[in-house]
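Participant: Make the full structure from the sequences, and use the hints.
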Amino acid sequence: GAVVSQHPSWVICKSGTSVKIECRSLDFQATTMFWYRQFPKQSLMLMATSNEGSKATYEQGVEKDKFLINHASLTLSTLTVTSAHPEDSSFYICSARDPRHGYTFGSGTRLTVV
Amino acid sequence: AQSVTQPDIHITVSEGASLELRCNYSYGATPYLFWYVQSPGQGLQLLLKYFSGDTLVQGIKGFEAEFKRSQSSFNLRKPSVHWSDAAEYFCAVGPSTDKLIFGTGTRLQVFP
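Going line by line, the protein sequences match chains A and B.
Numbering of the first sequence is given in this note's numbering, commencing with residue 1 and proceeding in unit increments.
Numbering of the second sequence is given in this note's numbering, commencing with residue 1 and proceeding in unit increments.
Treat the hints loosely; a few may be bogus.
[Said to hold, decoys possible] Each computed DSS-like pair below joins lysine-lysine, with the alpha-carbon atoms no more than 27 Å apart:
#: 1; chain 1: A; residue 1: K66; chain 2: B; residue 2: K99
#: 2; chain 1: B; residue 1: K99; chain 2: A; residue 2: K55
#: 3; chain 1: B; residue 1: K49; chain 2: B; residue 2: K99
Don't read these hints as lab results, they were simulated from the structure.
Computed from a prediction, not measured in an experiment: that's the story for all the values here.
Facilitator: This is how it looks when you write it as structure tokens:
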């Protein structure tokens, strides 16, 4: 089946620094990847849709300068949280669309900003 | 507007009992429907999906779901719950080519 690898699984950073999260499709090519944010005991909130070779499409209310998304290849999308603050602490999950299996999710990244 | 409703925020069942998690959707076209399970601190694992055809869908871990167009529902069922099934369950709807819309989730607790 389709596998999506997300790294790191957890990260702690100081306020004001930037953090990069990687999402890789291991055995298929993903022209489209999705980035979600999940607050404790809540559902997934779509942040942006990442398309290979083009700019990401951000959902309303998501700061594109804060959450930089790059999808430079068919197997890799990255989310960079710039100038992170404690309110950015959350669980971030990526998803890639596979033509055969539908949507496959990464294992998530827990970001803690101190 | 497109939406997914999971009416039950929290369900508690005894191990060995049957389970049904409810999901209702509002979608303008033929929906693609999904059920995912999430363990604490983990990503989402696909349990099953419905694209077309037989309205009763079999998934992994003994789960099944039935698509009822007349009721706009896609309820998840399992005849006998195991303690390892305790997790958060999400219903989602979407087209085949775009983002998914998730329900708010149902937390399942299993007592021995």
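Participant: For every hint, state whether the structure bears it out.
Facilitator: Here is what the structure says about each hint:
1. K66/A to K99/B: OK: K66/A and K99/B at ~21 Å, within 27 Å.
2. K99/B to K55/A: Holds: K99/B and K55/A sit about 16 Å apart, inside 27 Å.
3. K49/B to K99/B: Judged against 27 Å, a Cα distance of about 15 Å means the pair holds.
No hint from the list above goes unmet by this structure.
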